[in-house]
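Oh and the sequence shown: position 128 is 128 in the UniProt record's numbering, straight run, nothing missing.
Honestly, the hints are just simulated from the structure, not real lab data.
Just so we're clear, the structure is a prediction, and the values are computed from it rather than from any experiment.
We put the beta carbon where it would ideally sit given N, CA and C, even for glycine.
Treat each hint with caution, since some may be false.
Ranges of calculated distance between the beta carbons of each label pair, as one might list FRET restraints [said to hold, decoys possible]:
| # | residue 1 | residue 2 | range |
| --- | --- | --- | --- |
| 1 | Ala105 | Lys48 | 31 to 37 Å |
| 2 | Met114 | Glu92 | 31 to 37 Å |
| 3 | Gln69 | Asn16 | 53 to 59 Å |
| 4 | Ala77 | Gln42 | 24 to 30 Å |
| 5 | Leu102 | Ala35 | 22 to 28 Å |
| 6 | Ala41 | Met117 | 31 to 37 Å |
Taking lysine-lysine and the DSBU-like style, the derived pairs with C-alpha atoms no more than 35 Å apart in a straight line are [unchecked claim]:
| # | residue 1 | residue 2 |
| --- | --- | --- |
| 7 | Lys86 | Lys15 |
| 8 | Lys86 | Lys48 |
| 9 | Lys48 | Lys34 |
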Amino acid sequence: METARIARTLGTLLKNGVPLLTSLGIARQVTGNKALDLALAQASEQVKEGAGLSFALAQAQRFPRLALQMVQVGEEAGQLDTMLLKVADTFELESRRAIDRLLAALVPALTIVMTVMVAFIMAAILLPMLDLTSHIQ
1 METARIARTL GTLLKNGVPL LTSLGIARQV TGNKALDLAL AQASEQVKEG AGLSFALAQA
61 QRFPRLALQM VQVGEEAGQL DTMLLKVADT FELESRRAID RLLAALVPAL TIVMTVMVAF
121 IMAAILLPML DLTSHIQ
């Protein structure tokens, strides 16, 4: 999710003409992850020294390989902003699918838990009644 947020921020800023170094600074403010904040700070320093964005992000070893490859292709094609937005779309879709899979697995598990709870409540009600009827005779 953070990768998508960072990529969307960078892509949007670059598409609107904000310089890369300024965009990296703003992206640092957007992320809530301290490790990624540090990685972006290091990447910003490397970009300032002349390195490409994909190389600088790869040095941090915090970003998925697919994202780095897509950024590299965007740099080589001269369409970094567009490619960063595609990175964001890709990773948002991946996150959405992971959440959907989790929810799909959670529904049967919750059904089983609820079934056990209902069975326990029924047993708690019926067992004393059965015990009571057996003592009547």
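Do the hints match the structure? See the list:
1. Ala105 / Lys48: 31 to 37 Å: 45 Å, violated
2. Met114 / Glu92: 31 to 37 Å: 32 Å, holds
3. Gln69 / Asn16: 53 to 59 Å: Because 25 Å falls outside the window, the suggested range is violated.
4. Ala77 / Gln42: 24 to 30 Å: 25 Å, holds
5. Leu102 / Ala35: 22 to 28 Å: Cβ of Leu102 to Cβ of Ala35: about 23 Å, so the range 22 to 28 Å holds.
6. Ala41 / Met117: 31 to 37 Å: 50 Å, violated
7. Lys86 / Lys15: With a Cα-Cα distance of about 12 Å, the restraint between Lys86 and Lys15 holds, given a limit of 35 Å.
8. Lys86 / Lys48: 24 Å, holds
9. Lys48 / Lys34: Distance of about 21 Å is within 35 Å: holds.
Going through the hint list in order, the structure does not satisfy hints 1, 3 and 6.
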